[in-house]
Amino acid sequence: MKQKLIFLLLVLFITTTEESYSQMAKFKALFLYNFTQNVEWPSNANQNEFVITVIGDKEMAAELQKLAQVKKVGTKTIVIKESSQIKSLTDSHVIFLSSGKSSLMSMLSAEQQENPTLLISSKEGLCNDGAAISFTTVDGKLRYEICSSNIEKHGLKVNTKLLSLGIPVN
Amino acid sequence: MKLRYIFAMVVAIAITMPSISQEKKKTRKEVLSMTMEEMSSLPLEELMDLMDIVGVSSMEELYDLLLNKDVTSASKKKESLFDSPLSTTVLSHEEIQSSGATSIEEALRLVPGVIVREKTNGNYDVHIRGLDNLPPKNMMLQSENTSTLVMINGRPVFNYAMGGIIWESLPVSLGDIDRIEVVRGPSSALYGPNAVSGAINIITQTIDSSTPLLSANIQGGNLNTYMGDIGIRKQLSSKVSIGVTGNYEVRNRNSDELFIFKEGAKFTKDEFETLTDGNGYTYIDPNDNIDELFPDPELSKEKAGVNGYLSYQINSDAIINLSGGYQYSFANTTTLGDNATSIAGRESKTSYVDLNANIYGFDVQGSYMFGFQDFGVGNLGFQTDMGQLNSNIEYNWQLKNLSVRPGLNYMSVFYDDTKHIPELGAGFFNGKKDMNIFATSLRLDYLATEKLRLVAALRAEKYSHSDQWTPSWQFISSYKINDKNNIRAVYSRANRSPFIIDMHSNFLWDREGRPSPDYIYFGGNENMDVMVSDLIEVGFRTRPVKNILLDIEAFYSKSKNFTVLAPDSTNFTLPIAMVGADPTILAMPTVTAYMRYQNIELEAEQKGITVSLDWVISEKLVAKSHLTVQQTKLDNYKPVTRDEIIGLQANAIYPSDGSNGLLAQKIYESAISGQIPQYPDMTSLSVSTDLKPTDYENDFKHEATPSFWGSVGVDYRPIDKLNIFTNAYFYGKQTFLNQYDTYNVDSKVLLNLKANYQMSKSLSLFVNMRNLLNDDKNEFAAMDNIGGLYLTGINFKL
Numbered sequence: 001m002k003q004k005l006i007f008l009l010l011v012l013f014i015t016t017t018e019e020s021y022s023q024m025a026k027f028k029a030l031f032l033y034n035f036t037q038n039v040e041w042p043s044n045a046n047q048n049e050f051v052i053t054v055i056g057d058k059e060m061a062a063e064l065q066k067l068a069q070v071k072k073v074g075t076k077t078i079v080i081k082e083s084s085q086i087k088s089l090t091d092s093h094v095i096f097l098s099s100g101k102s103s104l105m106s107m108l109s110a111e112q113q114e115n116p117t118l119l120i121s122s123k124e125g126l127c128n129d130g131a132a133i134s135f136t137t138v139d140g141k142l143r144y145e146i147c148s149s150n151i152e153k154h155g156l157k158v159n160t161k162l163l164s165l166g167i168p169v170n
Numbered sequence: 001m002k003l004r005y006i007f008a009m010v011v012a013i014a015i016t017m018p019s020i021s022q023e024k025k026k027t028r029k030e031v032l033s034m035t036m037e038e039m040s041s042l043p044l045e046e047l048m049d050l051m052d053i054v055g056v057s058s059m060e061e062l063y064d065l066l067l068n069k070d071v072t073s074a075s076k077k078k079e080s081l082f083d084s085p086l087s088t089t090v091l092s093h094e095e096i097q098s099s100g101a102t103s104i105e106e107a108l109r110l111v112p113g114v115i116v117r118e119k120t121n122g123n124y125d126v127h128i129r130g131l132d133n134l135p136p137k138n139m140m141l142q143s144e145n146t147s148t149l150v151m152i153n154g155r156p157v158f159n160y161a162m163g164g165i166i167w168e169s170l171p172v173s174l175g176d177i178d179r180i181e182v183v184r185g186p187s188s189a190l191y192g193p194n195a196v197s198g199a200i201n202i203i204t205q206t207i208d209s210s211t212p213l214l215s216a217n218i219q220g221g222n223l224n225t226y227m228g229d230i231g232i233r234k235q236l237s238s239k240v241s242i243g244v245t246g247n248y249e250v251r252n253r254n255s256d257e258l259f260i261f262k263e264g265a266k267f268t269k270d271e272f273e274t275l276t277d278g279n280g281y282t283y284i285d286p287n288d289n290i291d292e293l294f295p296d297p298e299l300s301k302e303k304a305g306v307n308g309y310l311s312y313q314i315n316s317d318a319i320i321n322l323s324g325g326y327q328y329s330f331a332n333t334t335t336l337g338d339n340a341t342s343i344a345g346r347e348s349k350t351s352y353v354d355l356n357a358n359i360y361g362f363d364v365q366g367s368y369m370f371g372f373q374d375f376g377v378g379n380l381g382f383q384t385d386m387g388q389l390n391s392n393i394e395y396n397w398q399l400k401n402l403s404v405r406p407g408l409n410y411m412s413v414f415y416d417d418t419k420h421i422p423e424l425g426a427g428f429f430n431g432k433k434d435m436n437i438f439a440t441s442l443r444l445d446y447l448a449t450e451k452l453r454l455v456a457a458l459r460a461e462k463y464s465h466s467d468q469w470t471p472s473w474q475f476i477s478s479y480k481i482n483d484k485n486n487i488r489a490v491y492s493r494a495n496r497s498p499f500i501i502d503m504h505s506n507f508l509w510d511r512e513g514r515p516s517p518d519y520i521y522f523g524g525n526e527n528m529d530v531m532v533s534d535l536i537e538v539g540f541r542t543r544p545v546k547n548i549l550l551d552i553e554a555f556y557s558k559s560k561n562f563t564v565l566a567p568d569s570t571n572f573t574l575p576i577a578m579v580g581a582d583p584t585i586l587a588m589p590t591v592t593a594y595m596r597y598q599n600i601e602l603e604a605e606q607k608g609i610t611v612s613l614d615w616v617i618s619e620k621l622v623a624k625s626h627l628t629v630q631q632t633k634l635d636n637y638k639p640v641t642r643d644e645i646i647g648l649q650a651n652a653i654y655p656s657d658g659s660n661g662l663l664a665q666k667i668y669e670s671a672i673s674g675q676i677p678q679y680p681d682m683t684s685l686s687v688s689t690d691l692k693p694t695d696y697e698n699d700f701k702h703e704a705t706p707s708f709w710g711s712v713g714v715d716y717r718p719i720d721k722l723n724i725f726t727n728a729y730f731y732g733k734q735t736f737l738n739q740y741d742t743y744n745v746d747s748k749v750l751l752n753l754k755a756n757y758q759m760s761k762s763l764s765l766f767v768n769m770r771n772l773l774n775d776d777k778n779e780f781a782a783m784d785n786i787g788g789l790y791l792t793g794i795n796f797k798l
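So the sequences go chain by chain: A and B.
Be aware that the first sequence starts at 1, since it is given in full-length UniProt numbering, and climbs by one per residue.
Be aware that the second sequence starts at 1, since it is given in full-length UniProt numbering, and climbs by one per residue.
It is worth saying that the hints were derived from the structure and are not from the lab.
Keep in mind the model is a prediction, meaning the values are calculated, not measured.
We treat Cβ as the ideally placed atom computed from N, Cα and C, and that holds for glycine.
Misleading hints may appear alongside valid ones.
[Stated by the list, open to error] What follows is a set of in silico ranges between Cβ atoms, one per label pair, in the way DEER data are often shown:
(1) B:43 / A:49: 21 to 31 Å
(2) A:159 / B:30: 28 to 38 Å
(3) A:37 / B:722: 55 to 65 Å
(4) B:621 / A:159: 43 to 53 Å
[What the hints assert, rightly or not] Cut-off 16 Å, straight-line C-alpha distance, at most; resulting in silico cross-link-like pairs (EDC-like, lysine to aspartate or glutamate):
(5) A:87 / B:450
(6) A:161 / B:46
(7) A:141 / B:45
(8) B:761 / B:699
(9) B:546 / A:40
(10) A:161 / B:529
(11) B:462 / B:529
(12) B:797 / B:208
(13) A:66 / B:45
(14) B:419 / B:385
(15) A:141 / B:292
(16) B:269 / B:292
(17) B:239 / B:317
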């Protein structure tokens, strides 16, 4: 009986619904790609590649990688970079910060203050720490908080559609 | 012509409808089968619609709700609970509601490290980690938790008159609450005095566009237990939101009997009125009226509260939150006085106003609470008016990796019994007595590297009665090994404020008709050192897999400078005259015991470990558990009661074995020196002693706090509409020492279950069983047998 119970607990221990978890990453990746369609980077930021750096989230990086194979941002090829740290990320158009690294957002924001970079956090409520966009869920639906001032202070322009569809944060 | 247009429109609609409805009816399966390329071509609004069809999975929501919570109380800024540098727990509104907890105190059973024992139906003892009943062998008052600071939205709701929390007098109920944040360990550096074993911050709901206009929760059951809350909340514009809430609760005890300390048994009110000790003295003070002491001994608790909330977002950098309310409460629970019974009534009628603003980086808070509090219903002297002002200003300055948070705090509290006593001298305070505390603080939070965080929080209190500054601090380092593992180490000190009664007690108890002494004087003392506690703690938080959060904290604390009301001296005064050559006592001596608040040498040393595990097993099943194991030892402990000290002093003056004591010696000396006149003249002879026992015990095992306690629970959702929460709260045996006896309280397991069925989006019905196996052992020394409570109710949201 005891052994059965332990076995049952072990089964439960390793059982999670990975499918639904990756759906979230997939949609976050799609949202992120859509964000890039509604934000304008300054001309001096233009390079041949559109660089999205993902910090601390392998699933998100994998989903973005799939997108990068079929999509471009304007004429630029999308390049997905992964990083485990926030330093020395100088050439990124977008930096996505995982939930697990959310405590580093204010540091990341300070690091990137001179760069034309869109800072996106997987965790809600990080606009106060410098994030331009923070993913959130409302009533079981994926939504995003958006702070226009945090976008503009990096020299980026955001269109009204992206602002109106998000939850504005001041 | 018009008909043709109408016809054309109808046809057009008929043609387009299927395609529209087809779009709308796209199934989740169809959405999931779409390729990345297809979806990436859609505009954002359509993509959002598709995401809504797929929905955030229950697992995702559970991860967010249970494992990715935010907390603000540990650092005074919002941060991930996983990154919190202190031992911290957040209980969300949903968790509390799902658990079936019927009060804030009961909900705290879900919090690791918090020991919660029910005294009478709905009235609880709540301690963080323990440190209760210190010093032992004293009044029941010493069992109150005077070392945890409870706040509502950062506003202290602490009983500064006598220490502790008058839980039933909190104006809010579970329906008001968004979450409860609990910080374990000394936190005076963050929140000021009395956050010694920790701080509990009850945070009320914010009102936004998703807030239901009307919400209500009503339940009722056995023991005449009924409770309900209702709230009307509305966001009027993007800048303004308002809300009004109300709550009411009534509960009966499972008995109308009263426990009499000196009999060690329970009696009815009528029996108590005539009950006498071996010498024929009634246990009830002849000056008291039993119907005033116990107007309804069967009533356990009755409380009501109304609260109003207003939020105004001035601009993007300024928001003001204003709240105010009124509460009435009555509870029959552990006595705060020196009664013959373990139970006494207490009553509160208070109001508050709280202004909380964040303006251009400044956090500003000002609150005032005022009203009437009766700490011993029917017992003259316990009735008092009160007022408490709190003001606080802090500024958060973010300098790249360094957060600097300076602050100033001022608190002023008064208690005034003038209106409630027939003459000065009949009360405890005998007038308006106050205490002011000024404090300055500085918190530095430095992210040295991406993994290493260093925090230093310093605060100094200046109490109005003292010239000295009292410091408190927290030094913390946390190291995030990786995203899944975080270790922390804390060294902190906190202090407990003096209480008004400690400093200003001024009461002479005329004990006519009661056993000796004839009078007991209770005197305050403004020159005591404040109680302090030092803590060293290490903690480890890990998410070995996505669905598990494990938190382990090991703590060691040392507390000293405890204060106690203890006998200072005993005095015999008697009329005496020389009758011939013999000094002759003309009447029985008047015996007065002088009690005074004083520091004692006692030191309490506690070590323990708390483990908590949150486990999202599947979308339908979530398990949460916690366990605390602790040991408390006392050094410099004098195991004597008040009566034993008075007896020692009385015996030194007038030995019961007939030998010569201080009185005989004084009579002899006075007679020799001719100070005693010949009868019929006489003189008054006064003899005092402050003799004290000198024996201390070290390494005394203090067992008022159980050596272990915890909770194991699962939240099961077999179908979307049905939610079943069951948990077992358990604790080990304990030994409680007061001035009358030693009380052994057995270990207990409380099995609780709430089943909630969602009838519609707005309405759910539930059954709620607390202690469903009806184990009716008492949970607290000398208090009621607590049996099962079976409730049914509805929850409504519109």
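Quick rundown of the hints versus the structure:
1. B:43 / A:49: 21 to 31 Å: Taking Cβ atoms as reference, residue 43 (chain B) and residue 49 (chain A) lie about 24 Å apart, which means the hint holds.
2. A:159 / B:30: 28 to 38 Å: holds (30 Å)
3. A:37 / B:722: 55 to 65 Å: Because 43 Å falls outside the window, the suggested range is violated.
4. B:621 / A:159: 43 to 53 Å: Since residue 621 (chain B) and residue 159 (chain A) have Cβ atoms about 44 Å apart, the given range 43 to 53 Å holds.
5. A:87 / B:450: Distance of about 9 Å is within 16 Å: holds.
6. A:161 / B:46: holds (13 Å)
7. A:141 / B:45: holds (13 Å)
8. B:761 / B:699: violated (59 Å)
9. B:546 / A:40: violated (36 Å)
10. A:161 / B:529: Status violated; Cα separation ~63 Å.
11. B:462 / B:529: OK: residue 462 (chain B) and residue 529 (chain B) at ~13 Å, within 16 Å.
12. B:797 / B:208: holds (15 Å)
13. A:66 / B:45: The given pair, whose Cα atoms are some 21 Å apart, is violated under the 16 Å limit.
14. B:419 / B:385: Holds: residue 419 (chain B) and residue 385 (chain B) sit about 8 Å apart, inside 16 Å.
15. A:141 / B:292: With Cα atoms ~58 Å apart, residue 141 (chain A) and residue 292 (chain B) exceed 16 Å; violated.
16. B:269 / B:292: holds (12 Å)
17. B:239 / B:317: Judged against 16 Å, a Cα distance of about 12 Å means the pair holds.
In terms of the numbered hints stated before, the structure departs from hints 3, 8, 9, 10, 13 and 15, listed from lowest to highest.
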